[in-house]
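**Q** Protein chains in written order, with my numbering: chain P, 1008 to 1393; chain A, 1008 to 1393; chain C, 1008 to 1393; chain G, 1008 to 1393.
Check each hint, because a few of them may be wrong.
Repeated chains share a single entry, so a pair holds when one copy, or any two copies, can fit it.
When the alpha-carbon atoms are kept at most 30 angstroms apart in a straight line, the in silico DSS-like pairs for lysine-lysine are as follows [what the hints assert, rightly or not]:
#1 K1272 / K1387
#2 K1272 / K1141
#3 K1387 / K1141
#4 K1272 / K1065
#5 K1065 / K1387
#6 K1272 / K1106
#7 K1113 / K1272
#8 K1065 / K1141
#9 K1387 / K1113
#10 K1229 / K1387
Simulated from the structure, these hints should not be mistaken for lab results.
Number of protein chains: 4
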Amino acid sequence: MRSFLTADQQARQRDFREFVALYVEPAAAEWDRAQSIPAATVTRMAEAGYLGNMLPVKYDGRGWDTVTFGLLNEAFGRGCPALTDLLTVQAMVSMTLLKWGTDEQKSRWLPPLARGEMIGAFALTEPSGGSHLKSLQTQFTECGDGSYRLNGQKTWISYAQTAGVFLVVGYVDSRPLACLLPRETPGLQVEPITGLLGFRAAGLGRVTFTDVAVPAASLVGKPGTALSYIAPIGLQYGRISTACSALGLVRGCFEEATSRAATRKIGPDTVGSFGMIHSMIAHMGTELEAAGLLCLAACRATDEREPDAFAKALMAKYFASRAAVAAANDAVQIWGGAGCHEDAPVSRYYRDAKIYEIIEGTSQIHEELLSRNFIEAGAKRAAQIR
Amino acid sequence: MRSFLTADQQARQRDFREFVALYVEPAAAEWDRAQSIPAATVTRMAEAGYLGNMLPVKYDGRGWDTVTFGLLNEAFGRGCPALTDLLTVQAMVSMTLLKWGTDEQKSRWLPPLARGEMIGAFALTEPSGGSHLKSLQTQFTECGDGSYRLNGQKTWISYAQTAGVFLVVGYVDSRPLACLLPRETPGLQVEPITGLLGFRAAGLGRVTFTDVAVPAASLVGKPGTALSYIAPIGLQYGRISTACSALGLVRGCFEEATSRAATRKIGPDTVGSFGMIHSMIAHMGTELEAAGLLCLAACRATDEREPDAFAKALMAKYFASRAAVAAANDAVQIWGGAGCHEDAPVSRYYRDAKIYEIIEGTSQIHEELLSRNFIEAGAKRAAQIR
Amino acid sequence: MRSFLTADQQARQRDFREFVALYVEPAAAEWDRAQSIPAATVTRMAEAGYLGNMLPVKYDGRGWDTVTFGLLNEAFGRGCPALTDLLTVQAMVSMTLLKWGTDEQKSRWLPPLARGEMIGAFALTEPSGGSHLKSLQTQFTECGDGSYRLNGQKTWISYAQTAGVFLVVGYVDSRPLACLLPRETPGLQVEPITGLLGFRAAGLGRVTFTDVAVPAASLVGKPGTALSYIAPIGLQYGRISTACSALGLVRGCFEEATSRAATRKIGPDTVGSFGMIHSMIAHMGTELEAAGLLCLAACRATDEREPDAFAKALMAKYFASRAAVAAANDAVQIWGGAGCHEDAPVSRYYRDAKIYEIIEGTSQIHEELLSRNFIEAGAKRAAQIR
Amino acid sequence: MRSFLTADQQARQRDFREFVALYVEPAAAEWDRAQSIPAATVTRMAEAGYLGNMLPVKYDGRGWDTVTFGLLNEAFGRGCPALTDLLTVQAMVSMTLLKWGTDEQKSRWLPPLARGEMIGAFALTEPSGGSHLKSLQTQFTECGDGSYRLNGQKTWISYAQTAGVFLVVGYVDSRPLACLLPRETPGLQVEPITGLLGFRAAGLGRVTFTDVAVPAASLVGKPGTALSYIAPIGLQYGRISTACSALGLVRGCFEEATSRAATRKIGPDTVGSFGMIHSMIAHMGTELEAAGLLCLAACRATDEREPDAFAKALMAKYFASRAAVAAANDAVQIWGGAGCHEDAPVSRYYRDAKIYEIIEGTSQIHEELLSRNFIEAGAKRAAQIR
């Protein structure tokens, strides 16, 4: 994969991996148990510029490209998927705002987001309906003066527990609408969600809006555009981030599994001398390579604004998240009993991996979207042939 | 499956499932969090006769057959795999003793085991070597008077935390040897293992033997027989119990998934209206049926002392444990976000399921044993044809 | 599996396997190349009573139960799936007629079918619509005197090339209707289909009906009943026969693969000494056992008229057909280059196996039917819990 | 994938696909039936420069890079895998000779190979031993004057039926040795192999050497180098060619499946409206993308002489060949009954796909080689960490 990256991208990749090896990997098990990330870690990421990495320099961001963003997520995914999720939501909110925010909104919110002084949460998913966007029940009511009143509930919102600003999507009548709400907004209430299978430190929460006053200046885009124009920006970066994070976890599984196979003795032989283990490892390493290339292709297509950037992000997320589940499964198996204990990273990977197949659209939603895309192309081909 | 059971077996199956629905399922999540089973629950199981179910009536057991034992494990597996593991180890120790114990050992240990006043732990696995029996490092040293001195360490021992008696296997020189040690034996020390991925309430422990005095009366069988005659009895019941427990978990996943598919709405449609979900559910239901039949066949072959009872138990455990992992994977997927939270049994099932593929011999060890068996038969067939 | 069979069933199983070893296996490759079965082979099967095996003795059948029918199909599937398909269609037509035919129809058609002097073909599938029963386009037109005129086309009809009688399903207006047509009926035309991937010797054909006169005496059942009452009988036996035939192919793959693994040397080692091969063989053998039990359970439920006989036949066919594809895939792999040549039965198995996933309802239709069944049960369970 | 290619590569890819659409796809079914390729087709390929595409211009080749070679193979794989195999063997022989041949050998053999006037066959595999290189039994005997006498047999040799020159590997004592033999060499005999599962038109043969005189000038490299230096060149291009050919077949399956899904009606709905079909198509399309990237990465690494070019080619071949088998399986399923008939390309794809998992090293050999590579890296990582 090296030859597909520029020298700059390679240098940053080394930095990212070093940061993760130093500050993330050693603590990830503890954060998982504590179900939270220490503020000092977030500050350190902020200082490194990671929380505003793709935002333009003029907003105090680093102006990195999507490929570099992907490398960052990959590096963090190997260390702590729950923390990587912070990169996900920060990018979703920041990049949406960069594209669709008013000048005023951008100059107010982007600098603190870019500097990592503030965390953004993407409040889309609801208790009834999961990722089904058309059935959102959060309601904006017009007050007549351009302002709105907001009622509803969001759930499974990553980093809701610490976010300073929420990007919220709901409906005004039948028109989807988005707005940006500071945490301290009256009527906005966050309730932590604990006891999760994986991503336990990702600060998830339920967010309730009770007669929240939404001034016109807080709207992002016009009514009717939130699902077709606004949200897709965030979702694209969300998928890419998740895909690359899952890729990092696959690498983690692969490295842990191959080291174990090389060193752990079962009687006189190493685990890695058994043929069934060969199948698992060959398969895992090949999926790692494939997932890496799919992620790279998705990032690059996004950078180059190619029309198929959407499909490529779907494929990267779909493939990498399933590869993560498979890799974690096999890595635990290769570790044996020890792999079922929290001292082994693979035990945490096993729990975290499954989350990738659920967040940012389940694998089934990805199958739905991808197959629609593919079958439409098939219909065109069929029409040409006739 | 019903028609393969006698009326008695069916009646007991109803009792088992009722017991589990009343006393196990509602509390399983709490036990998982607490990483322990309340003594009252064990007492209730003892009173129902479940802890000595296959032991003869003359030892205060119930004298049930292996098929009924399988139904018991299946019922408990649906509720709480960690608790089912108690049935596993109790049977492993009891049935080994019933077959190979001296009259004195049987009359001393079987009644309290049968009445469930005492729990037995099967201390075979060691830190180095996993399930590789030939590389056990626990050492018996002959004292010259028929007694031995024991040194070594066992790990991943289920219910070590509460067991009253340990069946221990080690080597005297190159001859494998087994003995029975009461918990209070001087030099025997138990250290709890916590922080497990699944089976968190199964009271696992490391057991250390430091110059433990083993009187001749505590030996089970003669030196040289422990791995070829003694342990296989326990392992056979261990595999059957684990297979049936995994089967119960598959049923749990299936019931939770189909109920959710039938009732959970995503927008205007139920989850169960999506075609991809149909594939998952059809597959899960068919694997449930297949696993059930394989378990039944293994139990029945054990009851009838068929020569292929060994291979049938391997197949049942291999198939059911893998089906459990697959079913839990799909059940979480069908539940979506809610399935990743501890309020949903499928979230726990996802963690517990993986353990089945590790304990009582990993899937890879099963592949090794089964393929050897099958290829030997293939060699015979090939020789006949010529 | 043995202990689930009666002594009679076991004895017949031995006969079946002997017959196949003598008369079927040695010639199957040749029949595949020739794309046809010699008449002498059909006669030999007829003489053994195989073509009327479940029909009552009073119609010259053998009166065997469904379990025995399953064993017969399993034995033949190991030898030649294309020929086994003859058992499939013969049973589909015969058993439908036995259940729904008039006394006159039964006494005219059942004896020659039972004696194997005549072959019956089940003409349901149409060019447009595949297995989608509601979109049949074959039309009966009422003539006013109780007779009908039939127009339409059927395709992929097994043994259409040699059948003496066709059971045809179409619609009169919106009511499905079935009739029985002798081959020599004016307006009925059969066109052979050659060039198939598998089941090449199964004498498939397209059957065209052009203004065929259908007297009232040829109708099977009343208008409106053909899809809800008539066809399901045939389809049930069709699925069971196909499931058991696929099971036979899995056994064929398993026997060929294990013999090869035991004897074929790659350098100094046998193929069977490699660990990856162990995984394949353990998996194949376990699927063989599971498929065998599912088939047995489906046959037995059919014999005992259990309400879930339908679901059990679906599961048996779904599982066994997929197991056949997987087993053939692995068997070719274990054979290596030699497995890709027609001299190796596994090469033919690879092509035949895929057909099982298509005929008598594709795997996808099975997923549809099974999941509906399972989700309905899930809905009931969910309703009870509330 | 487009953005990873240069403008030249893209232009050539268009040419290749046009050539295949015009001259290959329409005839592939007929060639499959006839088990041979017409000479006119080979001539047309030769004229287009395809048979010497990577050879330098000074030898009358085109001097294309490996990426372009990959695109050529991908294009042909979509049309006719058996014909693509000609590109495989021609590259294997030519590129080996280019690297290791003497000047005299190069000027004698490379021009006719480059112009496609002559076909080269790579004679490595033997009846006993399959792809196990260390157990080759073909023997060179020294004659004392620098010449050798050759005895032995090779099998499964693609295009042996029409090759003009054979690259043969055997042993002189324990040192592997390679030589180049013209077809007309006395004692060299070719026997066609027919009746194959797939690649039926690839002109396979058994090649027997009976006391063949091998002059010193015919040796390629020195004794001892044939397996460590000579053959690996050919095998690298063989794997890349096979990987890209398999990729082409995956694309064929994908295009045929999506067109069918878009247009074929089952009752009122298209096949593509069913959810299970969505899963299959999403999966197939994603594997197509992943396989494409793996092939590209392998070609590029070969062009850039990266040290991991070997592992990348292994991964590309391993992944693409398995993806081909899976894609063909699903494509037949999506086509239903029609997909089992030779009129449907997917029926042929189903047979051809399996061959990819066998030739140029089985999937199992790939697992062996890859896992060794990966575990060695794991050992190094483990050593660093300590």
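**Q** The structure should be examined with respect to each hint, and the outcome stated for every one.
**A** Against the structure, the hints come out as follows:
1. K1272 / K1387: between (57 angstroms within a copy, 16 angstroms between copies)
2. K1272 / K1141: Close across copies (13 angstroms), not inside one copy (54 angstroms); limit 30 angstroms.
3. K1387 / K1141: Intra 27 angstroms, inter 29 angstroms, cutoff 30 angstroms: intra and inter.
4. K1272 / K1065: neither (56 angstroms within a copy, 45 angstroms between copies)
5. K1065 / K1387: Cα proximity of K1065 and K1387: none, with 44 angstroms in one copy and 44 angstroms across.
6. K1272 / K1106: neither (55 angstroms within a copy, 33 angstroms between copies)
7. K1113 / K1272: For K1113 and K1272, neither the intra-copy (57 angstroms) nor the inter-copy (37 angstroms) Cα distance is at most 30 angstroms.
8. K1065 / K1141: neither (36 angstroms within a copy, 64 angstroms between copies)
9. K1387 / K1113: Answer is neither; intra-copy 41 angstroms and inter-copy 48 angstroms both fail.
10. K1229 / K1387: This pair counts as neither: shortest intra-copy Cα distance 34 angstroms, inter-copy 45 angstroms.
Consistency note: the structure conflicts with the earlier hints numbered 4, 5, 6, 7, 8, 9 and 10.
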